[in-house]
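> Now for the letters of each chain:
There are 2 protein chains.
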Amino acid sequence: MAKAYVHGYDLRENARLQDQATTLADLLHSDTAYPDGSRVLEAGCGVGAQTVTLAAHSPGASIVSVDISPKSVAQAEQAVRAAGLTNVSFQQADIFHLPFAPQSFDHVFVCFVLEHLKEPRAALQRLKTYLRPGGTITVIEGDHGSAYFYPDSDAARDAIRCQVELQSRAGGNALIGRSLYPLLVTAGYDEVRVSPRMMYVDSSKPALVEGFTKKTFTAMIEGVRQAAIAEGLIAPVTFDNGIADLYRTTEPDGTFCYTFFKAMGKACMSDKRDAGAGL
Amino acid sequence: MAKAYVHGYDLRENARLQDQATTLADLLHSDTAYPDGSRVLEAGCGVGAQTVTLAAHSPGASIVSVDISPKSVAQAEQAVRAAGLTNVSFQQADIFHLPFAPQSFDHVFVCFVLEHLKEPRAALQRLKTYLRPGGTITVIEGDHGSAYFYPDSDAARDAIRCQVELQSRAGGNALIGRSLYPLLVTAGYDEVRVSPRMMYVDSSKPALVEGFTKKTFTAMIEGVRQAAIAEGLIAPVTFDNGIADLYRTTEPDGTFCYTFFKAMGKACMSDKRDAGAGL
Numbered sequence: 026m027a028k029a030y031v032h033g034y035d036l037r038e039n040a041r042l043q044d045q046a047t048t049l050a051d052l053l054h055s056d057t058a059y060p061d062g063s064r065v066l067e068a069g070c071g072v073g074a075q076t077v078t079l080a081a082h083s084p085g086a087s088i089v090s091v092d093i094s095p096k097s098v099a100q101a102e103q104a105v106r107a108a109g110l111t112n113v114s115f116q117q118a119d120i121f122h123l124p125f126a127p128q129s130f131d132h133v134f135v136c137f138v139l140e141h142l143k144e145p146r147a148a149l150q151r152l153k154t155y156l157r158p159g160g161t162i163t164v165i166e167g168d169h170g171s172a173y174f175y176p177d178s179d180a181a182r183d184a185i186r187c188q189v190e191l192q193s194r195a196g197g198n199a200l201i202g203r204s205l206y207p208l209l210v211t212a213g214y215d216e217v218r219v220s221p222r223m224m225y226v227d228s229s230k231p232a233l234v235e236g237f238t239k240k241t242f243t244a245m246i247e248g249v250r251q252a253a254i255a256e257g258l259i260a261p262v263t264f265d266n267g268i269a270d271l272y273r274t275t276e277p278d279g280t281f282c283y284t285f286f287k288a289m290g291k292a293c294m295s296d297k298r299d300a301g302a303g304l
Numbered sequence: 026m027a028k029a030y031v032h033g034y035d036l037r038e039n040a041r042l043q044d045q046a047t048t049l050a051d052l053l054h055s056d057t058a059y060p061d062g063s064r065v066l067e068a069g070c071g072v073g074a075q076t077v078t079l080a081a082h083s084p085g086a087s088i089v090s091v092d093i094s095p096k097s098v099a100q101a102e103q104a105v106r107a108a109g110l111t112n113v114s115f116q117q118a119d120i121f122h123l124p125f126a127p128q129s130f131d132h133v134f135v136c137f138v139l140e141h142l143k144e145p146r147a148a149l150q151r152l153k154t155y156l157r158p159g160g161t162i163t164v165i166e167g168d169h170g171s172a173y174f175y176p177d178s179d180a181a182r183d184a185i186r187c188q189v190e191l192q193s194r195a196g197g198n199a200l201i202g203r204s205l206y207p208l209l210v211t212a213g214y215d216e217v218r219v220s221p222r223m224m225y226v227d228s229s230k231p232a233l234v235e236g237f238t239k240k241t242f243t244a245m246i247e248g249v250r251q252a253a254i255a256e257g258l259i260a261p262v263t264f265d266n267g268i269a270d271l272y273r274t275t276e277p278d279g280t281f282c283y284t285f286f287k288a289m290g291k292a293c294m295s296d297k298r299d300a301g302a303g304l
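Heads up: the sequence lines are chains Y and S, in that order.
FYI, this note's numbering numbers position 66 of the first sequence as 91, with every residue one higher than the one before it.
FYI, this note's numbering numbers position 188 of the second sequence as 213, with every residue one higher than the one before it.
Any given hint might turn out to be false.
A pair holds if it fits inside one copy or across any two, identical chains being indistinguishable in the list.
Stated by the list, open to error - Here are the simulated DSS-like pairs of lysine-lysine, each with C-alpha atoms no more than 30 angstroms apart in a straight line:
hint : residue 1 : residue 2
1    : LYS96     : LYS230
2    : LYS230    : LYS291
3    : LYS143    : LYS230
Hints in this document: simulated from the structure, not taken from any laboratory.
Modelling step: build the complete structure from the supplied sequences, incorporating the hints.
So this is what it looks like as structure tokens:
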């Protein structure tokens with residue numbers, strides 16, 4: 026098991042992930058549509074938060090979604106069926122030991138997965154073996170160091186740092202977004218291009234104030250309160266002040282910024298770079 | 026004199042500002058074009074780094090560019106003439122005491138100016154008096170808290186914080202970008218919309234590595250070395266390590282992120298909001 030999650034599997038977390046997907050869908054996924062007949066591997070589908078959008082945008086593609094958690098796979102399948110989508114099949118599997126033939130996919134899609142892995146580069150290398158030559162990978166990740174806001178607050182930044190530190194202790198990397206370019210290049214992908222997707226929120230966008238600043242970002246930070254205090258990373262009062270200050274940014278004069286990174290790369294047409302790929 | 030500059034007026038600084046404008050022109054200005062016959066006030070033109078782009082994009086508009094520094098005004102005029110542009114007139118003037126009739130402009134353009142002012146809201150309120158009802162203001166500012174990079178570096182962040190602190194001590198605000206929305210709204214503008222412009226740099230974009238990460242951002246931080254050390258904000262070795270780490274982000278596996286904020290607002294059609302504008 027190469028995954029170590031900070032995010033939980035409880036119901037509230039699922040609700041948050043669904044909220045997040047709804048709010049972010051356009052920003053992150055509107056430019057991802059796979060051709061009819063193409064075979065797409067979604068590696069790490071979780072509870073299906075992104076799968077529904079992915080499948081809806083590529084109705085003629087045949088998508089195989091896997092996750093290491095059988096429970097998540099079951100929930101993802103339910104979400105996709107509930108949305109009336111029929112172009113996804115599901116399978117429980119570990120990204121590092123997938124039950125597929127080499128070069129059996131045209132495209133690989135990986136969203137909010139690498140941040141949880143101890144060895145994201147190794148995962149990318151492994152995933153490349155399932156891509157046909159010239160096939161593409163699409164990777165989407167956040168970066169919690171991209172969060173800033175008005176009014177600024179030391180306590181809020183301290184609370185965010187707790188999440189980053191906990192994810193790091195669990196073997197993940199909450200700042201992974203900014204490093205997608207070198208990760209994909211050193212994993213051996215060609216033509217790597219990174220496109221940042223900035224979420225900017227002010228009170229002229231009430232749906233984002235609710236859906237993103239409150240229910241996605243602040244809820245996620247709030248979720249690590251117990252662990253952060255238990256690990257001695259922060260005083261309870263500082264954490265609580267930080268959360269209050271994050272909510273403060275949702276008042277009429279507040280603003281909130283966060284950036285996701287979407288990267289694309291191609292599997293090499295030959296094996297020439299596989300041995301010594303790099304920068 | 027409400028202006029207090031951290032950026033200097035020396036030749037190297039001018040070269041940096043020109044480099045910056047060339048590299049950033051598309052990102053910041055490509056969607057600003059004023060109609061033929063419209064009267065535009067550029068408030069705070071500096072050495073004309075943005076004026077050339079502004080005038081070239083709106084060849085039929087009549088632009089009046091002012092700056093508090095006579096020397097800057099002379100340089101700006103030279104830059105605009107050298108570019109063969111004839112639709113700009115120049116005048117030395119203080120934003121807070123402009124020699125123009127009320128409501129005599131259709132549009133106001135303010136770029137990299139508010140960050141230097143002790144009272145940016147008061148400046149915006151003052152500028153509004155020169156706009157005809159329904160006229161627009163466009164404001165562009167950076168935000169140094171939006172800078173993050175790979176590899177991450179505490180020393181680099183410390184060096185950046187020196188610039189932010191020095192600008193704050195001089196009465197300015199290097200983090201002003203994120204607060205443009207409340208600033209414009211509380212200054213009484215209507216229909217305020219903020220559009221962030223993120224500069225993302227990796228080694229697939231060598232012109233930005235040179236033109237932005239090295240020659241714009243890192244050069245600007247490097248420029249405060251002496252002042253930061255003189256004010257006791259940082260140890261020389263830490264500052265120098267920070268600069269080295271910023272250059273490190275320009276190597277093939279490095280990435281660099283920075284966000285500018287472009288805001289637009291309208292002058293109210295009536296005076297109803299002038300007395301008690303706010304959020």
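> The structure should be examined with respect to each hint, and the outcome stated for every one.
For each hint, the structure was consulted:
1. LYS96 - LYS230: neither (35 angstroms within a copy, 43 angstroms between copies)
2. LYS230 - LYS291: For LYS230 and LYS291, only the inter-copy Cα distance (18 angstroms) is at most 30 angstroms; the intra-copy one is 36 angstroms.
3. LYS143 - LYS230: For LYS143 and LYS230, only the inter-copy Cα distance (29 angstroms) is at most 30 angstroms; the intra-copy one is 37 angstroms.
Hint 1 from the earlier list is the only one contradicted by this structure; the remaining hints agree with it.
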